Amino acid sequence: MTQYLLKGAQLPSGERADILVKDGVIAEGSAKDAQIIDADGLVALPGLVDLHTHLREPGREDAETVETGSRAAALGGYTAVCAMANTSPVADTAGVVEQVYRLGREAGLVDVQPVGAVTVGLAGERLAELGAMATSAAQVRIFSDDGHCVADPRLMRRALEYVKAFDGVIAQHAEEPRLTEGAQMHEGEVATRLGLTGWPAVAEEAIIARDVLLAEHVGSRLHVCHVSTAGSVEVLRQAKARGVRVTAEVTPHHLLLTDERATSYDPVFKVNPPLRTQADVEALRQALREGVIDVVATDHAPHAVEDKECEWAYARPGMLGLETALSIAVDVLGPDWDLIAERMSRTPARIAGLDGHGHDIKTGAPANLTLVDPAARRVVDPSDSASRSRNTPYAGMTLPARVVATFLRGEATVLDGKAVR
Amino acid sequence: MKHLLSATDLDASTATLVLDTAAEMATLAGREVKKLPTLRGRTVVNLFYEDSTRTRISFEAAAKRLSADVINFSAKGSSVSKGESLKDTALTLQAMGADAVVIRHPASGAPHRLSTWVAGSVVNAGDGTHEHPTQALLDAYTMRSRLGRLAGLSVAIVGDVLHSRVARSNVHLLATLGAKVTLVGPPTLIPPDLRTEVSYDLDAVLPDADVVMMLRVQRERMAASYFPSAREYARRYGLDGPRMRRLPDHAIVMHPGPMNRGMEIAPEVADSARSTIVEQVANGVSVRMAVLYLLLGGKS
Ligand SMILES: [Zn+2]
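Protein sequence lines correspond, in order, to chains A and B.
For reference, each letter of the first sequence is one residue, going 1 to 421 in UniProt numbering.
For reference, each letter of the second sequence is one residue, going 1 to 300 in UniProt numbering.
Simulated from the structure, these hints should not be mistaken for laboratory data.
Computed from a prediction, not measured in an experiment: that's the story for all the values here.
Wrong hints could be hidden among the right ones.
Said to hold, decoys possible - Quick list of in silico lysine to any residue cross-link-like pairs, SDA-like style, CA-CA up to 25 Å: (1) A:Lys-240 - A:Arg-285; (2) A:Lys-164 - A:Glu-106; (3) A:Lys-362 - A:Leu-415; (4) B:Lys-2 - A:Arg-261; (5) B:Lys-87 - A:Asp-266; (6) B:Lys-87 - A:Arg-261.
Make a model of the complete structure from these sequences and hints.
Below, the structure is given as structure tokens:
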């Protein structure tokens, strides 16, 4: 196994250190056989962990595969991603989650941790075999019908209660479906002007408010996916102040882009939940800094060209995120590396129960880390993406910071900014 | 002006130029030979993804009176109905050398998308619940010819504004041309953020209105709880004879058609002297001639 010595890297704490990567861990001792990487001016972060990734396999391998998505993740500085369950077939059985888990292992570029569906076929009617998925080789801990809301309050209550047996967590896609029938974008002035059916903020906020009360009632953990509104932030703030065991994520695109983007009618900006207003963006940024929102998660959602090069209403919602998330976090949070490590590595690893990830870079810790050039600037070019899809909303934008190298259990997955395979 | 996708594409001088040009075109209708040679050799494609014989015929007549070659591409019986994407259709039209594409589409923004894929001009003939700019132009033309001006007119737009592309285009164009617009209807059907006056009380608006524009209200909206019943809707927001008599003597009543007689408009009103419904149809051809002329006439 190749040894690496990362010389003069800056740690999230601000200290500078030489980091010896040996036998899968951060080591001490002789570095005489190590390949030396000049890390002067680079920042070493614990490998990033994404709680919300759509890898599309099985079912839509034309849009993404576990391997291509894993490569995009490694290039984005990730060492673990949680693969959402809305594949075809749906990841609602031990068989499917084990298949995804195995494909991730075979690709070997990041740890692919499958998310299990809450309900059979994501239909929102009856519980999937959550326990079987939890005890499978994939050891599923996060369950989500993402793409759909678990709208039935009784079913949601039962799911929250049931997963306590194996310390699971329900990750809710908060969208009251009766309030978003036919919805195309954020309900507001821009939607009115564009004649696109609105997705009201209250459809998200009402579900989060209900779910924090349910989680409080049954004493369970709740995770809220892709929080997008200022009102949701206030609901979460109050719930956390009361001690409810709720965590929440925000996507890079909700931290950066607004509903004004829809004015082009280019569906590359269509996403669910939709891009909101500048006031929402400001509230989300503040909540992320304060910790009311715990995590940045990508909601990386690759789509084939024909699903985006069409009329807005017919396009599928979702955008790429893995290769740009860190840059956007730097753009939004500034070069506060400890905060970035907290929001993009330590906390998501803890929520997902990924014991091998999210560790500080110190002797004995698993060598899951990424080296970032904070001074770099890059122009986003969709054709450069390692993803099989091209639906990045950031095309042509100049973003700060660049991933130079990523290590998964001591093996380089990215070197010199390129995937090793 | 390259395309006409939205009424917001028109500033006051351009909009006035369209209306003045339409007035010239209208004089043609009285002549024996109703054709101008202006667009000879140019190709105008009518690309209709929704059935709208009225609008298609209006554009077709306009293009033919300017001597353009017209190709009708309707969703029925063409590759469009076989699931060909809008982009592939656009590339086909491009290869056919379309100088202008007139598009009617159920999806808001489809004309914008099309305009990024074809070299020719794109005219929005109604897209989803977004806009229908030539309807607004013909409405403005009709108001101007009946009332002599647009600036300062009080226009009440009554009904399902939320789902109306006609209302959106009218709000923008009338604001550009200096008219004062009041949207009237149940709060469920009036979006709060169109930056214009709103009233939920039709009777209060009528005495000061120069123009009342009644929008078609689809009965399906009841199923989605926008209002309880056709009867209640007609009672609160329908324009019947007694209400019409509350209008000032000079006021006119408009409707973009097709009408639900007895729902938003009573037959007595639709057939009254105040009604402009028939002349709106005739004016539509003149206005569309003006639009095609101004988009294409300067070129080639
Ligand atoms: Zn989701």
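Comparing the hints with the structure gives:
no.	hint	verdict
1	A:Lys-240 - A:Arg-285	holds (17 Å)
2	A:Lys-164 - A:Glu-106	violated (31 Å)
3	A:Lys-362 - A:Leu-415	holds (21 Å)
4	B:Lys-2 - A:Arg-261	holds (22 Å)
5	B:Lys-87 - A:Asp-266	holds (13 Å)
6	B:Lys-87 - A:Arg-261	holds (21 Å)
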